[in-house]
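Engineer: Letter by letter, the chains look like this.
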Amino acid sequence: MLYYAIEMLGIVAFSISGVLTAMEKRLDPFGIFIIAFVTALGGGTLRDVILGVEPVAWLVNPSYMYVIMGSVFLAVILRKHLRYLRTSLFLFDTFGIGLYTVVGLEKGVNAGLIPIMCITIGTISACFGGVIRDILCNEIPIIFHKEIYATACVVGGICYFILDLFPINDQLVFAIPIVVVILIRFLAVRFKLSLPSLYKNAAQG
Amino acid sequence: MLYYAIEMLGIVAFSISGVLTAMEKRLDPFGIFIIAFVTALGGGTLRDVILGVEPVAWLVNPSYMYVIMGSVFLAVILRKHLRYLRTSLFLFDTFGIGLYTVVGLEKGVNAGLIPIMCITIGTISACFGGVIRDILCNEIPIIFHKEIYATACVVGGICYFILDLFPINDQLVFAIPIVVVILIRFLAVRFKLSLPSLYKNAAQG
Amino acid sequence: MLYYAIEMLGIVAFSISGVLTAMEKRLDPFGIFIIAFVTALGGGTLRDVILGVEPVAWLVNPSYMYVIMGSVFLAVILRKHLRYLRTSLFLFDTFGIGLYTVVGLEKGVNAGLIPIMCITIGTISACFGGVIRDILCNEIPIIFHKEIYATACVVGGICYFILDLFPINDQLVFAIPIVVVILIRFLAVRFKLSLPSLYKNAAQG
Chain A
1 MLYYAIEMLG IVAFSISGVL TAMEKRLDPF GIFIIAFVTA LGGGTLRDVI LGVEPVAWLV
61 NPSYMYVIMG SVFLAVILRK HLRYLRTSLF LFDTFGIGLY TVVGLEKGVN AGLIPIMCIT
121 IGTISACFGG VIRDILCNEI PIIFHKEIYA TACVVGGICY FILDLFPIND QLVFAIPIVV
181 VILIRFLAVR FKLSLPSLYK NAAQG
Chain B
1 MLYYAIEMLG IVAFSISGVL TAMEKRLDPF GIFIIAFVTA LGGGTLRDVI LGVEPVAWLV
61 NPSYMYVIMG SVFLAVILRK HLRYLRTSLF LFDTFGIGLY TVVGLEKGVN AGLIPIMCIT
121 IGTISACFGG VIRDILCNEI PIIFHKEIYA TACVVGGICY FILDLFPIND QLVFAIPIVV
181 VILIRFLAVR FKLSLPSLYK NAAQG
Chain C
1 MLYYAIEMLG IVAFSISGVL TAMEKRLDPF GIFIIAFVTA LGGGTLRDVI LGVEPVAWLV
61 NPSYMYVIMG SVFLAVILRK HLRYLRTSLF LFDTFGIGLY TVVGLEKGVN AGLIPIMCIT
121 IGTISACFGG VIRDILCNEI PIIFHKEIYA TACVVGGICY FILDLFPIND QLVFAIPIVV
181 VILIRFLAVR FKLSLPSLYK NAAQG
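Protein chains in written order, with the working numbering: chain A, 1 to 205; chain B, 1 to 205; chain C, 1 to 205.
Treat the hints as calculated values from the structure; they're not laboratory data.
Accuracy of the hints is not assured; some may be wrong.
[Claimed, not checked] Okay, derived cross-link-like pairs now, BS3-like style, lysine-lysine, Cα gap no bigger than 27 Å in a straight line:
hint: 1; chain 1: A; residue 1: Lys-192; chain 2: A; residue 2: Lys-25
hint: 2; chain 1: A; residue 1: Lys-146; chain 2: C; residue 2: Lys-25
hint: 3; chain 1: A; residue 1: Lys-80; chain 2: B; residue 2: Lys-25
hint: 4; chain 1: A; residue 1: Lys-146; chain 2: A; residue 2: Lys-25
hint: 5; chain 1: B; residue 1: Lys-80; chain 2: A; residue 2: Lys-25
hint: 6; chain 1: A; residue 1: Lys-25; chain 2: B; residue 2: Lys-107
hint: 7; chain 1: C; residue 1: Lys-107; chain 2: A; residue 2: Lys-146
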């Protein structure tokens, strides 16, 4: 139940991040909806297609679609106030990433994959919605050059498998990595951390 | 038979729209062919992959490929005359969209999906070929910001399910939504209709 | 064994070409890794998804991932020396393309597809990693407008099916098309051949 609530909050946050990106590009209402849709569901769709789990989750459970529709509607109506909501959005988004990572991980485990592949699948689940959003908006995906995002997912994934070695309650093995992903994201954004640059004059670039 | 003929005309129209976009970007002959190919078959491929219907249709029925090859060949040969054909092209394209929408819808129905998901699948079938075309050509997909296109598919889809509630001949349930999609597209283009803009100075933008 | 070694060299070459493209765009280390990953495995993943062979190969065999990680690590460390390695890289890359083409072809044959579709699948396997790389880096895919690349794959594929008509050793039917692909690529690059242009002032363009 809590799990489901957090997942839906993640969908809301991802949808709104899609709406914000789409409105910067001045897309029409339908374009905005599509971008919100792929941001929220693109990562999970790619995950399911790569794993061969079809039809994909959102086709058989319409609540994802309804939540996206509602979020887009609200975000468009309240578009002038969205900047005041940035903090709460960041919160949802970060919860969403943490949760998507671990949900992806567990789908990988259930498919019998080895840990490194489960982490890959978890990271794809959490990050590729945003990647497809940026490609559709004709931008280089932001996670490739600006933010600590995927790195948080990978660390969360490693954490999951380390915890799994110990005789710990399953719910903690599920919850702690989510907290780890969220913490890393928070600290990274709070202290403006990014991955070390490989380019000399990157500071000016 | 008529069904098949219209589908192939749709393939022709989509291929030629791909050739036109690719030539604007000055791609080489192979690039032009690929763009035509994804424009014509990208939407259907994405539909089949999401539904888990594999191998995808064009792999087992080569006539799609032959029709695309012929269309590309003719379009490249006649490239200087294509502008005179714009009206007929628009006609084919619009038929193609209408038909693809309903074909996608019915694939969704056969897969046991609920109406809203069938409409989503139908819209993806009809529109995502053009989306992939524009992404490969490094443009923001035109359907996200310029034309009433996907909206026509959605309305056609709703129409299909309304008709389905009544004791009407199956062929009419199939045909009327196609006509609806075509009509909306025609009216939208004829009267330069677009979705309402969310941006104040969009008229100048 | 030789087969496997060449495939891994292909992965190395594709990864490094991904690193080079990603570094030109000044991506961060994680972005560089992702680009290398999709360049090396994107074509094969698309092939497997279209054919319905899931989970895709790299999910169940982690050696692909390890080879990519190693290649990216080395390429980043040695980034200042990579230009001296361009010749060897081109060599690997060309071997990789030849091999990927024929591996893709044979997957098509095993799936019971007709020759033209097998050639399509082989070309997708060899070329679409690079296409996805360029899209993620916000460029029009280079193979659509600059190099003879896909054409070499198509010719190699045709060669495979011609050889298959004769009572020749299976290993030769496998090896000769690879050599053909490599030869065409070499000659094209050596003599700066490209597909005929359809545009009048393309030479200046």
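Engineer: Would you mind marking each hint as holding or not holding in the structure?
Structural biologist: Cross-check of the supplied hints:
1. About 26 Å separates the Cα atoms of Lys-192/A and Lys-25/A, which keeps this hinted pair within 27 Å; it holds.
2. Under the criterion of a C-alpha separation no larger than 27 Å, the hint pairing Lys-146/A with Lys-25/C is consistent with the structure, at around 12 Å.
3. For the proposed pair Lys-80/A and Lys-25/B, the alpha carbon gap of about 37 Å is over 27 Å, so the pair is violated.
4. Under the criterion of a C-alpha separation no larger than 27 Å, the hint pairing Lys-146/A with Lys-25/A is consistent with the structure, at around 19 Å.
5. This hinted pair does not check out: Lys-80/B and Lys-25/A have alpha carbons roughly 33 Å apart, beyond 27 Å.
6. A distance of roughly 33 Å separates the Cα atoms of Lys-25/A and Lys-107/B; the hinted pair therefore is violated under the 27 Å criterion.
7. Distance check on the hinted pair: Lys-107/C and Lys-146/A sit about 39 Å apart at the alpha-carbon level, beyond 27 Å; violated.
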